[in-house]
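Protein chains in written order, with our numbering: chain A, 1 to 170; chain B, 1 to 272.
If you are wondering where the hints come from, they were derived from the structure by calculation, not from laboratory data. Don't be surprised by glycine CBs; every beta carbon is placed ideally from N, CA and C. One should not assume that every hint holds.
Said to hold, decoys possible - Facing chain A, from chain B, some residues (calculated, C-beta under 10 angstroms): (1) F14; (2) A29; (3) A183; (4) E186.
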Amino acid sequence: MLHADEFDEFYTSTYRRLVGQLYAMLGDLSEAEDAVQEAYCRAWQRRSKLNEYDNPEAWVRTVAYRIAVSSWRRTRNRLAAHRRHGPHQPVEPVDTGDLDLVGALSGLPYEQRRVLVLHHLVGLPLADICRETGSPLGTVKSRLARGRQALAQHVAEFRGTAHGRISEDV
Amino acid sequence: MSDPHEMPRGAPAFDRRLAELARSAAAVARPESPGDVRRRAGRRTVRRRVGTGALAVAVLGAVVAGGILRAAPGNDVPPAVTPSPVAPPSSTPTPTVESPSASTSPPSSTSPAGTVGARPPGTSDSAPGRCTTANLTVTLGAPDSASGHRGVAVVFRNSGSTTCRLTGYPGIDALGGDGRTLAHAERTPRGYLGGAARGSRPATVTLRPDGVASALVEAQAFGADGASCTPYARLLVTPPDDVRSVRLGWDTDSCGDLEVHPVVPGATGRSG
Numbered sequence: 001m002l003h004a005d006e007f008d009e010f011y012t013s014t015y016r017r018l019v020g021q022l023y024a025m026l027g028d029l030s031e032a033e034d035a036v037q038e039a040y041c042r043a044w045q046r047r048s049k050l051n052e053y054d055n056p057e058a059w060v061r062t063v064a065y066r067i068a069v070s071s072w073r074r075t076r077n078r079l080a081a082h083r084r085h086g087p088h089q090p091v092e093p094v095d096t097g098d099l100d101l102v103g104a105l106s107g108l109p110y111e112q113r114r115v116l117v118l119h120h121l122v123g124l125p126l127a128d129i130c131r132e133t134g135s136p137l138g139t140v141k142s143r144l145a146r147g148r149q150a151l152a153q154h155v156a157e158f159r160g161t162a163h164g165r166i167s168e169d170v
Numbered sequence: 001m002s003d004p005h006e007m008p009r010g011a012p013a014f015d016r017r018l019a020e021l022a023r024s025a026a027a028v029a030r031p032e033s034p035g036d037v038r039r040r041a042g043r044r045t046v047r048r049r050v051g052t053g054a055l056a057v058a059v060l061g062a063v064v065a066g067g068i069l070r071a072a073p074g075n076d077v078p079p080a081v082t083p084s085p086v087a088p089p090s091s092t093p094t095p096t097v098e099s100p101s102a103s104t105s106p107p108s109s110t111s112p113a114g115t116v117g118a119r120p121p122g123t124s125d126s127a128p129g130r131c132t133t134a135n136l137t138v139t140l141g142a143p144d145s146a147s148g149h150r151g152v153a154v155v156f157r158n159s160g161s162t163t164c165r166l167t168g169y170p171g172i173d174a175l176g177g178d179g180r181t182l183a184h185a186e187r188t189p190r191g192y193l194g195g196a197a198r199g200s201r202p203a204t205v206t207l208r209p210d211g212v213a214s215a216l217v218e219a220q221a222f223g224a225d226g227a228s229c230t231p232y233a234r235l236l237v238t239p240p241d242d243v244r245s246v247r248l249g250w251d252t253d254s255c256g257d258l259e260v261h262p263v264v265p266g267a268t269g270r271s272g
């Protein structure tokens, strides 16, 4: 059972970090913030069980991601007839200066992007990425490799890693 | 994080660039206070922000998924909803319920004179008595929904010949299809879909004969953990300060976080 003061501290100390991570996964700040906010609501609703998760922050991140992507999928399905002009093009509200990276990321499939963010931003080892995404190791590795390959044009260190190693120890 | 020294000179490491991206987003995030999040928990909202196209699309999708756009506020009287056929008036004494023919009138029908009578009169009526099930007709207004929220106004019409008054909250229980009580509504001044005007105390609504007042009931189409659950089939409505109840069918998929807001003038359950 999570008490109110514990929840408040958890929320206050993790909110911005999770919004940043979700933004990196989704490319849309409003969507990221809405999803994270909603995930915290659900976390509070499940406070009696939240301690059963060994990592509540990972739980909120996972739930937020699912909320965002499922709402995006719903929207896409419903509006498919009106939106036949290519991929999701979110308005970019964040002034990062790194438009090159923003653009490159926006071209990636969501799951590849998610795995890249979990590995390179959140810093999760592959085993934890498998757990968080519910995917087998082979899938995670191939998403990571394909994501890096797709970014190679914009990210110098990914050049020549088309068949490159994926470190297991990060 | 991986090793920066691995990276070629001249190009910022991907990890650093990604971290910078996340940091700039986090820096402009606008967190609610944790207390607000806790209070809001259970009200699964999509926070609406204007100016971001993607979110606008997402919200539109959510509203479309919700089914029905919010009814325009105003004086329109929603159609009466007849009691569910599987819930005939039981042995409990119940007030009369509006005739089934009323349910065919569209939501946009112009308001009959009765709505006007819902306004508190000036000084002419001296201390009218309480409205009770004996002189009230209780019906449900048109269902309303948005972003996982479901609402319906419980409409009280003065079917007697004298003026009476209503104050505060009706008692609302949600019943399942088998008649069991699934939830007692929490009394809150207002919620996601409406309620009493902000900052106001529950007002006394004076109902002249045929005058209308209403209280908004809202709930969510999810259980507490976001899962689907057994939808409510009927509402057991007890007018404020009364002991007798009436059962009304509510065709809804909602099943969580039942709330009721105070009685307000008019048929929409909203004021302010």
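Checked hints:
1. F14: holds, 5 angstroms
2. A29: Since chain A brings a Cβ to about 4 angstroms from A29 of chain B, closer than 10 angstroms, the hint holds.
3. A183: violated, 15 angstroms
4. E186: For E186 of chain B, the interface hint is violated, since the closest Cβ of chain A sits about 15 angstroms away, which is over 10 angstroms.
The earlier numbered hints that this structure contradicts are 3, 4.
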